[in-house]
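Asks: Here is how the chains run, residue by residue.
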Amino acid sequence: MHNPLNISNGRLKRLFISGSAKKDVPPGTMVYTGEQTAEPLRITSLDYAADTIAEENDDSVESCALLKGSGSVSWINITGLNDTAVIGKIGSVFGIHPLVLEDILHTAQRPKLEDMGDYLFLVVRMLFVEPENGGIHSEQISFILTEDCLISFQERAGDVFDAVRDRLRKGHGRIRKMGADYLLYALMDAIVDNYFMILEKTGEQIEDIEEALMENPNSLLLNELYAQKRELLYIRKAIWPLREAVSGLERGESGLLSAKVGAYLRDLYDHTIQVIDTVETFRDMLSGVQDLYLSSMGQKTNQVMQVLTIIATIFIPLTFVAGIYGMNFEHMPELGWKYSYPVFWIVMVLITTAMLFYFRRKKWF
Amino acid sequence: MHNPLNISNGRLKRLFISGSAKKDVPPGTMVYTGEQTAEPLRITSLDYAADTIAEENDDSVESCALLKGSGSVSWINITGLNDTAVIGKIGSVFGIHPLVLEDILHTAQRPKLEDMGDYLFLVVRMLFVEPENGGIHSEQISFILTEDCLISFQERAGDVFDAVRDRLRKGHGRIRKMGADYLLYALMDAIVDNYFMILEKTGEQIEDIEEALMENPNSLLLNELYAQKRELLYIRKAIWPLREAVSGLERGESGLLSAKVGAYLRDLYDHTIQVIDTVETFRDMLSGVQDLYLSSMGQKTNQVMQVLTIIATIFIPLTFVAGIYGMNFEHMPELGWKYSYPVFWIVMVLITTAMLFYFRRKKWF
Amino acid sequence: MHNPLNISNGRLKRLFISGSAKKDVPPGTMVYTGEQTAEPLRITSLDYAADTIAEENDDSVESCALLKGSGSVSWINITGLNDTAVIGKIGSVFGIHPLVLEDILHTAQRPKLEDMGDYLFLVVRMLFVEPENGGIHSEQISFILTEDCLISFQERAGDVFDAVRDRLRKGHGRIRKMGADYLLYALMDAIVDNYFMILEKTGEQIEDIEEALMENPNSLLLNELYAQKRELLYIRKAIWPLREAVSGLERGESGLLSAKVGAYLRDLYDHTIQVIDTVETFRDMLSGVQDLYLSSMGQKTNQVMQVLTIIATIFIPLTFVAGIYGMNFEHMPELGWKYSYPVFWIVMVLITTAMLFYFRRKKWF
Amino acid sequence: MHNPLNISNGRLKRLFISGSAKKDVPPGTMVYTGEQTAEPLRITSLDYAADTIAEENDDSVESCALLKGSGSVSWINITGLNDTAVIGKIGSVFGIHPLVLEDILHTAQRPKLEDMGDYLFLVVRMLFVEPENGGIHSEQISFILTEDCLISFQERAGDVFDAVRDRLRKGHGRIRKMGADYLLYALMDAIVDNYFMILEKTGEQIEDIEEALMENPNSLLLNELYAQKRELLYIRKAIWPLREAVSGLERGESGLLSAKVGAYLRDLYDHTIQVIDTVETFRDMLSGVQDLYLSSMGQKTNQVMQVLTIIATIFIPLTFVAGIYGMNFEHMPELGWKYSYPVFWIVMVLITTAMLFYFRRKKWF
Amino acid sequence: MHNPLNISNGRLKRLFISGSAKKDVPPGTMVYTGEQTAEPLRITSLDYAADTIAEENDDSVESCALLKGSGSVSWINITGLNDTAVIGKIGSVFGIHPLVLEDILHTAQRPKLEDMGDYLFLVVRMLFVEPENGGIHSEQISFILTEDCLISFQERAGDVFDAVRDRLRKGHGRIRKMGADYLLYALMDAIVDNYFMILEKTGEQIEDIEEALMENPNSLLLNELYAQKRELLYIRKAIWPLREAVSGLERGESGLLSAKVGAYLRDLYDHTIQVIDTVETFRDMLSGVQDLYLSSMGQKTNQVMQVLTIIATIFIPLTFVAGIYGMNFEHMPELGWKYSYPVFWIVMVLITTAMLFYFRRKKWF
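Protein chains in written order, with this note's numbering: chain A, -1 to 363; chain V, -1 to 363; chain E, -1 to 363; chain S, -1 to 363; chain D, -1 to 363.
Chain A with its partners taken away, still in its complex shape (with noise of 0.2 Å):
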């Protein structure tokens, strides 16, 4: 089978089921349920107002500590989550409740958006074409909103931030003139974006498959056809509970997102909901498409019969009229006549015209 999702069974298991690794532990406790457990925890942080920012790669969690409340916007961005010590510490420093702690490390969770009043945290699926290899990587990133600082939890090193780090360092656009709200919005776009990308490779994947089966209907496409499904189950699975969670930041309710942003915030839903329409679009035509197809193979079907029907019909019959003759009775007049070849050629010609006419008029050939 075509694997679009580039990922063994056994991780397809994992990204649709969670729940079960944390089993036998006390809820609250911390421990990565994901794949990547040999990635190292890299912290890097950049910390901007609207003319300075510095940046910091292998920062560590003291220093980290510092940026709160110190006036300009920080990011912080932590890459490998099989280190829970280190993220309990960040977790104490900003305060953060161990339920969330666990459901950052616990990889398979639900899209979903919660208000803890210091703090907002947000938990979306990060889903981008791997430059490698076209393959689709899938992993969950978690988002931590303070006053003037987001953290971002991500499963491993590479993600779809390049150009909003680079607006940054830049200064291009409004990015560094707003707050810690504003690159929220900016990163959860980058990530609603990409979903785009994906649909966008969905889509020509499903155009070629329709051009293959106009042309000719095999049962490779019908394997292409089940994986393009499976991979919308997937998305749709991701963006479904993203649009919800994506409408509590856009009401806006919490004192976290300011006015200013909310405009922005209108824009990502809608993009999400576009999401979610050309996803159900595309359920829509793959399901067009395997009716086509089950249709021409039903009408190839009927095909291959209806010649089989008359070659058979009409050969068949003229067989037995030859076994006739081939007969060694000692008493068949007609073997003795002398037209009898003749006569025997002309009936058969008979039969065979007066069928094909039978057949024609039934519109079968």
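By construction, these hints were calculated from the structure, which means they are not laboratory data.
There could be a bad hint or two in this list.
One copy or two, it doesn't matter: identical chains are merged, so the pair holds either way.
Unchecked claim - Quick list of in silico lysine to any residue cross-link-like pairs, SDA-like style, CA-CA up to 20 Å:
1) K110 / I274
2) K110 / I271
3) K258 / D101
4) K258 / P24
5) K175 / P24
6) K110 / E242
Place chains V, E, S and D on chain A using the hints.
Replies: Positioned in the frame of chain A, the structure of chains V, E, S and D alone reads:
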């Protein structure tokens, strides 16, 4: 495949998906993502009151700025969106939010209404049958409604508004006596009416398919059917969010919509609902037609099979019997008997009759 | 195809679609878009109180105007809508909004209720079995309910109100003692009752199809089934919005509906819901019948295949063996043996028995 | 067709449709529209308090009138509805609205609850397995609940209330200590319990079909399956509106329902929901069974085809070869060769082996 | 059929249906309707505070009564429900409503939460993989939560709470420091986690089916598929109402649930939603797998048909020609010609080549 949307596959993709072209640029950046990149930007304006009308076909942003607050109602129509500088100028003259400008240029928007306080922003999809070739043209059209001014943005020249322009010029009906909100209604009404025109065409095609199907089901119909399904999917994707947008207009919460226009907007809303009803009914009809197709095919296969089976089951045993008496064994008493041959024929006729009787009882013919 | 709606395809199209005929005329312009363009406009009026009744069969707009505010209840019924001048006059006498008049003439409205303050406007679809030919007649009927007057607009003469007229004339029941609101209820009740009549007919036809299917599935049934499906689609399109309209009446927010009529309107609403329930149940039944049809066809194909296979697999090998001993090789020892022929028969019988045993075990017959 | 509802087709029609019989009579006119027109009207009454009970099996309207306001709780049960005069008298004694009386007689009501102020009106459908023949009996039962009196109307004698009557007579449980509202609950509970009885039977039949299907799919099963589907459709049509009615009771907005009965009504509501859940689950199971049936049929066809194809493709070429050496050409060198015949056999065996090998690789057997 | 629920058909019936066993007994009567009628009733109690814990494995109702209001938190667990006398005693000690006791014993309840003022009543279904045989065990578990006491009722010994008991005994995590409400959460969390365990197993089986299907579709897979579908149906029936119940807990309207437990209950709710999402996704996947199966079967039939048709259409005409020259007519000039036989072979080869060419163009092989 028959292509009712008259668009290349590449373009279809873009119709269904948006968002990717603007990737890696900051939100609020103006980039035109549509197809009509060679279309020159042209501004036409219509400035009218109950008894005067001034029309300008090649207007400039500067003279448009003078129409603001002139007391009369102005309709500024911009065709061709790839000159982002000019559109940016219009934006700053009329005080349009950068995200709104981005949405105007980013031509795969989901239809929506946004109340920006000073102005309403409405994006819809205009579909019409191209008079030259009968294909369906689809483009995004955006409206900015201020106190006394309506600005419309089209991707290319050519629209469904000629009747409205005529009424404006000739002063027919109440249009010249009403404000910019009524003008918005009149234009929206023209757009929704064109959905009806397209659905009328679709309805005719569905009935053609139906009739052709009754006569002779074949694979061309299948592709037609699939194409119609896809077209309805496309219209549906455009009309469902339009419903919400028009419903927003109808609720009339904005001070920019006068009470007098309320009844008209309710009428517009009714029409939108009717378009949705019709699309859904057509989808139901198409799936009915498809079921009919599949059943007809199944029945045809069945019929073919029955013919084959009748012929084969009658003649195969007969041929076997003939084969027996074609054997060259030295000791076959029947061969020498005098009435073997006539008896053979009688047996043949009896077997055939019995079988025909059996098939008749089974209602195979 | 059996055409249960008794309408030409062209007309069906118009039933499903509306809005196009009025294209390129200003909103609020009165153009009759229906079919009955030759139907002469005729006004009949019934003016009644508890103990008097006056009937006028060829009334004029002028004398109708006198009925306004006369203290008695008046029912003004207009048949034939193509004389827009007269209808315009009625509109101005009773103060009807131009958009309402447009909706009355524009006869493919979605059923709806509009509270216009001074009067209620109700549009519904009247369906009834035409007594002459058993076909289903479908037309739009509009009601204007004022304080003491009910105006109804029909496309052509002939309706379902004769029983109501009778009760009015004879003073049966409470109808003469109640107001115009009760009259509206009585007429609506007659309309909804006729939906039941049509569904009863549909139910009978579904059961006929079912029974015929049990005996012998064939392609005529398929077309019948499809026609029934389409008819239900049509009734459904008329009844779902009717539900909303009747629900609007039942909530009784308008001062034009007295509390006394409330219980009757609730009853009407219950009937409407029951029509919807029945339509949905019939749709479910039809799709059940269709599944049954498809399964029966599949089974029939299977049965045919089994007969073919049994006959062919038994006789094809036998024929081969007979063919062998029909060969003319000079050196075939079996040909000269004395018991070759009886042995040949014994082998044939053994092969046949074995095969029949095999097919029996496979439950093929 | 197996007829699980034990009703003639004509009756089924009436079960699904109502409203027509009363056509052309004024609303509020009492006409019995059911089937049991020969059933004599009989009134039985049970008048009880905590420690007394009086039972009257052939009561008159007059003595029933005396039970009103007697301080004790009365249950008046009327069987047989075709004597409209008596029912009208009951109506006037207990002050029942004419439309309610019409609904009681008009026995194809949608289950509903109506709060008429002085009394509650509840219509439901009573389904039970007829002890004589195992068929399902379906009739409408109406309840009028006043302060201290419950009147029930049944179409014919025979119901599911014997256990309740027993408890009343013997004073078991709390029933004699509670009011008429508790009695209504107890009767409704008996009715809903009988839905479970029917569903239990349905469940057993579905499992029988399933098991039979696993062994040998055939067309009888198909009709069974269809009959079960239709029965569920019927129960569903009765139970969904019942849910609303019971929910109305449970919300307990009427002063006629005491707080003490609240917990019992909540329990009743839970049971109703459970009936709905079970019906929906059974529908899902049936459609699963149907899919299984279709797939099994498809597979059986496939298997049959494979046997045919294996036999035919092996023997048809062999027969051709045998046919060649049965030709009577004078110049066929092979005919005279000494080892032709054994070589022929070797070739035959080789061809057969090759083909079997090919089919094996294709996994055809 | 593979039976993933490890239950006899009879038991399955009872799982899906309830209510009948208690028929003809007054509401509120205690009758155990489950299967484990031989299971002896056993009471175990755990009484704990932050630093103490007392465990009693064979407790009596009397000593349980002493735990009430003791200041410490108590968990009373009852296994085996057929001794209704003891359960009645517990009911009267803790003041439990008779209808609640009935629901506890009536073990086919729909999961639900009821706030009874003094205590909360929660019924859920506990599913877990039986360690001995890998089958799924399903039983009803009921909770009574009072101020400082949690009473749980199980049908038989053996549950999913061992990890919770361990944490209680060892004082791990915060469980000993929290109240009875947290204990309820911990037990519910264990139950929901076991749903994940089962779904994980289901997911693996779906993937196994998928893989097997890709290799060779056969009828065993079909039954597997059907069994999985049915299992999901069952889990779904248990989990959907659970969602409502947990949502009721999470809204925390009862004073018995402290604010501190709120975050945990929200987490529990998230997990429940995730179970639902997964069940729905699995259902979609299964129907995808089924479509794939059907298409594969269709394709296989097609392939088989093509082989048959190719062989038959090539050899049937050839056999006819051979049959002609096997006829014994005295006057057949070709028989005596010298090159008849080689010409015959050449014609045969030409016909075969032409046909193969035709089939190749039709893409049949």
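Asks: So which of the earlier hints does this model not fit?
Replies: As far as the earlier hints go, not one is violated by this structure.
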